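Undergrad: Protein chains in written order, with the numbering used here: chain D, 1 to 148; chain U, 1 to 148.
These are computed hints drawn from the structure, not numbers from a lab.
Residues from chain D that face chain U, not an exhaustive set, calculated with beta carbons under 8 Å:
{"no.": "1", "residue": "Glu40"}
{"no.": "2", "residue": "Phe51"}
{"no.": "3", "residue": "Met89"}
Keep in mind the model is a prediction, meaning the values are calculated, not measured.
Note that the Cβ used here is the ideal one computed from N, Cα and C, for glycine as well.
There are 2 protein chains.
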Amino acid sequence: MGGNRELAERFIASLEARDWDAWAGLLHPAVVYEIPQSRERIRGRDRYLRFNQEYPGDWHLRPKVTIADERHGVVWFEWLLDGRTDDAMAFFEFADGLITQVTDFWPEPYEPPPGREHLVERWLPSPRSGSRRSHRVGFADGSGARCP
Amino acid sequence: MGGNRELAERFIASLEARDWDAWAGLLHPAVVYEIPQSRERIRGRDRYLRFNQEYPGDWHLRPKVTIADERHGVVWFEWLLDGRTDDAMAFFEFADGLITQVTDFWPEPYEPPPGREHLVERWLPSPRSGSRRSHRVGFADGSGARCP
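Take the sequences, apply the hints, and build the full model.
TA: What follows is the structure in structure tokens.
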């Protein structure tokens with residue numbers, strides 16, 4: 001379990017360092033990567049490596065919370081790109097000391113619905129927050145630019 | 001740690017059951033609940049209880065992955081409301097056998113940016129997926145109805 005926690009920590013650290021050999025060494029050759037929000041799946045270490053190597057922009061990742069057990073793990077991390085920052089999370093499955101599945105989520109800011117102001121306080125937006133990784137913004141119908 | 005994992009499991013199960021006494025019994029009286037996407041914070045068990053009791057709609061929660069250690073935990077769960085379903089996740093902090101902090105995330109579907117089709121396969125949208133809890137949709141400028 002300590003080993004799996006370390007796998008999750010090294011996953012983020014080696015991505016941040018662009019240490020591709022170290023990063024790929026954490027992954028099972030048949031690893032599956034999924035992004036449920038866009039219904040995308042990448043099969044295999046080689047393609048997943050290429051996906052990250054080709055990922056545009058000077059992005060940075062900073063882990064906030066890492067949790068792991070003998071089978072599953074998660075890193076809740078902060079991403080930074082083009083002067084913006086926000087939270088994201090990567091879930092992992094482990095087997096035999098390698099990562100066999102990665103599933104990540106990229107939540108978007110939104111305005112709360114009315115009706116709960118009597119219970120809630122709000123904090124001010126960070127000058128660095130408020131938008132998804134720029135290359136992830138954009139919808140097929142062109143509406144993306146208006147979405148938070 | 002087993003205790004904290006059980007706290008996280010019971011958090012979701014008692015919410016799903018609307019067993020408010022059981023649910024509130026898991027929480028520290030000074031628990032803090034945060035929704036980073038909407039920059040909302042609720043302080044204290046009483047207000048957080050009321051927030052959930054007042055939450056509109058016949059919502060349901062189904063846990064998918066639960067992970068916990070001596071300090072932190074997470075439940076990645078599926079929510080269902082009005083014939084729709086999607087993923088969300090709640091992170092926890094624990095102290096003395098109680099939940100002291102809850103932070104949850106409600107990721108939205110989005111279309112992938114172009115340029116990675118050579119690496120990626122996509123799966124079909126579920127007939128039940130594709131929209132945030134209806135009462136969470138809507139932005140201050142009225143654009144919400146167009147956002148995924």
